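Respectively, the protein sequence lines represent chains A and B.
Going from the first sequence to the working numbering is simple: count from 1 and add 699.
Counted from 1, the second sequence has number 3 at position 17 by the working numbering; the numbering is strictly sequential.
Derived from the structure by calculation, the hints contain no laboratory data.
Be a bit skeptical, because a hint or two may be false.
[Stated by the list, open to error] Reference excerpt, derived from the structure (chain A facing chain B, CB under 7 Å, subset only):
| hint | residue |
| --- | --- |
| 1 | Cys786 |
| 2 | Pro833 |
| 3 | Ser837 |
| 4 | Ala878 |
[Stated by the list, open to error] Here are the computed lysine-lysine pairs in the DSS-like style, where the Cα-Cα straight-line distance is at most 27 Å:
| hint | chain 1 | residue 1 | chain 2 | residue 2 |
| --- | --- | --- | --- | --- |
| 5 | A | Lys834 | A | Lys758 |
| 6 | A | Lys885 | A | Lys776 |
| 7 | A | Lys834 | B | Lys67 |
| 8 | A | Lys834 | A | Lys790 |
| 9 | A | Lys829 | A | Lys869 |
| 10 | B | Lys42 | A | Lys829 |
| 11 | B | Lys144 | A | Lys790 |
| 12 | B | Lys144 | B | Lys42 |
| 13 | A | Lys776 | A | Lys829 |
[What the hints assert, rightly or not] Label-pair restraints from in silico Cβ distances:
| hint | chain 1 | residue 1 | chain 2 | residue 2 | range |
| --- | --- | --- | --- | --- | --- |
| 14 | A | Gln857 | B | Leu0 | 51 to 59 Å |
| 15 | B | Ile127 | A | Lys766 | 18 to 26 Å |
| 16 | A | Asn891 | B | Ile127 | 22 to 30 Å |
| 17 | A | Glu826 | B | Ser(-5) | 49 to 57 Å |
| 18 | B | Ser(-5) | A | Thr823 | 36 to 44 Å |
| 19 | A | Ala868 | B | Gln126 | 22 to 30 Å |
| 20 | A | Asn799 | B | Met(-13) | 42 to 50 Å |
| 21 | B | Phe115 | A | Leu753 | 48 to 56 Å |
| 22 | A | Thr823 | B | Thr125 | 48 to 56 Å |
| 23 | B | Phe115 | A | Glu849 | 17 to 25 Å |
| 24 | B | Phe115 | A | Asn891 | 35 to 43 Å |
| 25 | B | Gln126 | A | Glu849 | 34 to 42 Å |
| 26 | B | Phe119 | A | Gln804 | 16 to 24 Å |
Note that the coordinates shown come from a computational prediction; the quantities given were computed from them, not determined experimentally.
Using N, Cα and C, we set each Cβ at its ideal position, and we do this for glycine too.
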Amino acid sequence: MKKLLIIITTMAIVGGFIWLRMTGRDQKGQSERSMQQQPKLANVKKAKVARGNLAPEAKFTTINGQKLTLSDFENQKVMLWMFATWCQSCKVGAQVLQENNEKLQGMKIIGVKTYGNAGYSGQTVREFVKNVSPKLLSSENWIWGDFSQESTSIYNPQNYPDIYFLIDAKGVVRDIDGAPAATIGKIIQFANE
Amino acid sequence: MSNITKAISIVFRLRPYIVLGFLSFSVFFILYAFVLPATYTGGRIGFVSLRFLNFKLGVFAFLFSVAIAFIIPFSIYAFRKKASQKTSATAGSFAGSILPPLLCCSPFLPSLAALIGGVFPFAFGALGFLQGFIATYETQIYIVVVVILAYSTWQNAKQVISAECNVCEF
């Protein structure tokens, strides 16, 4: 029994150590990993959605039925956030973005539902926002809508349920990541640079 | 329920099993506290996910860990006891009696559920329907795991009692 306890304790300590090392690396490497995924994404289509490249054109329809494109926001910082309405991190992300909206006034935030809702049915965008972050429905720096199929295939061919692109005023993609709740710091930093 | 209370009084009268139960609870509670909220962090596991540990996930982490804190000592106790009893039972029947509860009660099950619920939706973007289903029914999936763990605890308690009282019928 003592041997067993010693073995379990040793395993727990070694496992914990390895895990802590990995999570430490995980946090540091999030952006890098997202970037590593993106070249794959960019290679699929002719348009290159990658950090440092010009953002390809994107089309979407707002919840009021207006058809807009990304180029309508020229010379403005933009956060293009693609989400699915069933996605838990998207719900928490919208809540955290709402809490921090005052610090995000320096950019337009385009929250669009991925075409096909990332493969699973769910609420409409209006219902999602009403339930999760109602103040953002009337916020001037926010635009909510549905992403077109064509733009989804360029920006999110892997159908990730929660992915965003930080695009500067020159139209260059500065960052690509997901889960705004976990990465709110860098979003605020980008908005206020 | 009486099987479980009996098994508790049998197994936890021995100090090493109390330590083992406590250790199991601590290790797995910490693990689940970090892993379960990954559903809110896009699959990121670490201190960033711990920040999003809410009441619901805390309760599930607690329930998973409590069950494991009973199951591991119960399984080991029953296994050791049965192994030390040189009965006429064949190796096959011995393995048959002890393996199913060990397999279904291992920490593997809730760990898998936690990973599926928390990380899976972000790890495999292309499997849209599956990830949407898992995310939508996450709470129900965790409830099923709790039920299975409760059943496993009861099964292991029976193993403990049968190992302790070799002539009893179960």
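A quick look at each hint next to the structure:
1. Cys786: Holds, because the Cβ-Cβ distance from Cys786/A to chain B comes to roughly 6 Å (cut-off 7 Å).
2. Pro833: Because about 19 Å separates Pro833/A from the closest Cβ in chain B, which is outside the 7 Å limit, the hint is violated.
3. Ser837: It is violated, given that the least Cβ distance between Ser837/A and chain B is near 25 Å, above 7 Å.
4. Ala878: Since the shortest Cβ distance to chain B is 3 Å, the answer is holds.
5. Lys834/A to Lys758/A: holds (25 Å)
6. Lys885/A to Lys776/A: holds (14 Å)
7. Lys834/A to Lys67/B: violated (62 Å)
8. Lys834/A to Lys790/A: Satisfied, since the Cα-Cα distance of roughly 14 Å is no more than 27 Å.
9. Lys829/A to Lys869/A: violated (32 Å)
10. Lys42/B to Lys829/A: Measuring from Cα to Cα gives roughly 23 Å; hence the hint holds.
11. Lys144/B to Lys790/A: The given pair, whose Cα atoms are some 43 Å apart, is violated under the 27 Å limit.
12. Lys144/B to Lys42/B: Answer violated: Lys144/B to Lys42/B is near 30 Å, above 27 Å.
13. Lys776/A to Lys829/A: Holds, because 25 Å separates the two Cα atoms, which is no more than 27 Å.
14. Gln857/A to Leu0/B: 51 to 59 Å: holds (52 Å)
15. Ile127/B to Lys766/A: 18 to 26 Å: violated (39 Å)
16. Asn891/A to Ile127/B: 22 to 30 Å: Check failed, 40 Å falls outside 22 to 30 Å.
17. Glu826/A to Ser(-5)/B: 49 to 57 Å: Cβ of Glu826/A to Cβ of Ser(-5)/B: about 53 Å, so the range 49 to 57 Å holds.
18. Ser(-5)/B to Thr823/A: 36 to 44 Å: violated (56 Å)
19. Ala868/A to Gln126/B: 22 to 30 Å: violated (45 Å)
20. Asn799/A to Met(-13)/B: 42 to 50 Å: holds (48 Å)
21. Phe115/B to Leu753/A: 48 to 56 Å: violated (34 Å)
22. Thr823/A to Thr125/B: 48 to 56 Å: Hint violated: Cβ distance 22 Å, outside 48 to 56 Å.
23. Phe115/B to Glu849/A: 17 to 25 Å: holds (22 Å)
24. Phe115/B to Asn891/A: 35 to 43 Å: Holds, at about 39 Å.
25. Gln126/B to Glu849/A: 34 to 42 Å: holds (36 Å)
26. Phe119/B to Gln804/A: 16 to 24 Å: violated (37 Å)
In this structure, the hints that do not hold are numbers 2, 3, 7, 9, 11, 12, 15, 16, 18, 19, 21, 22, 26, in rising order.
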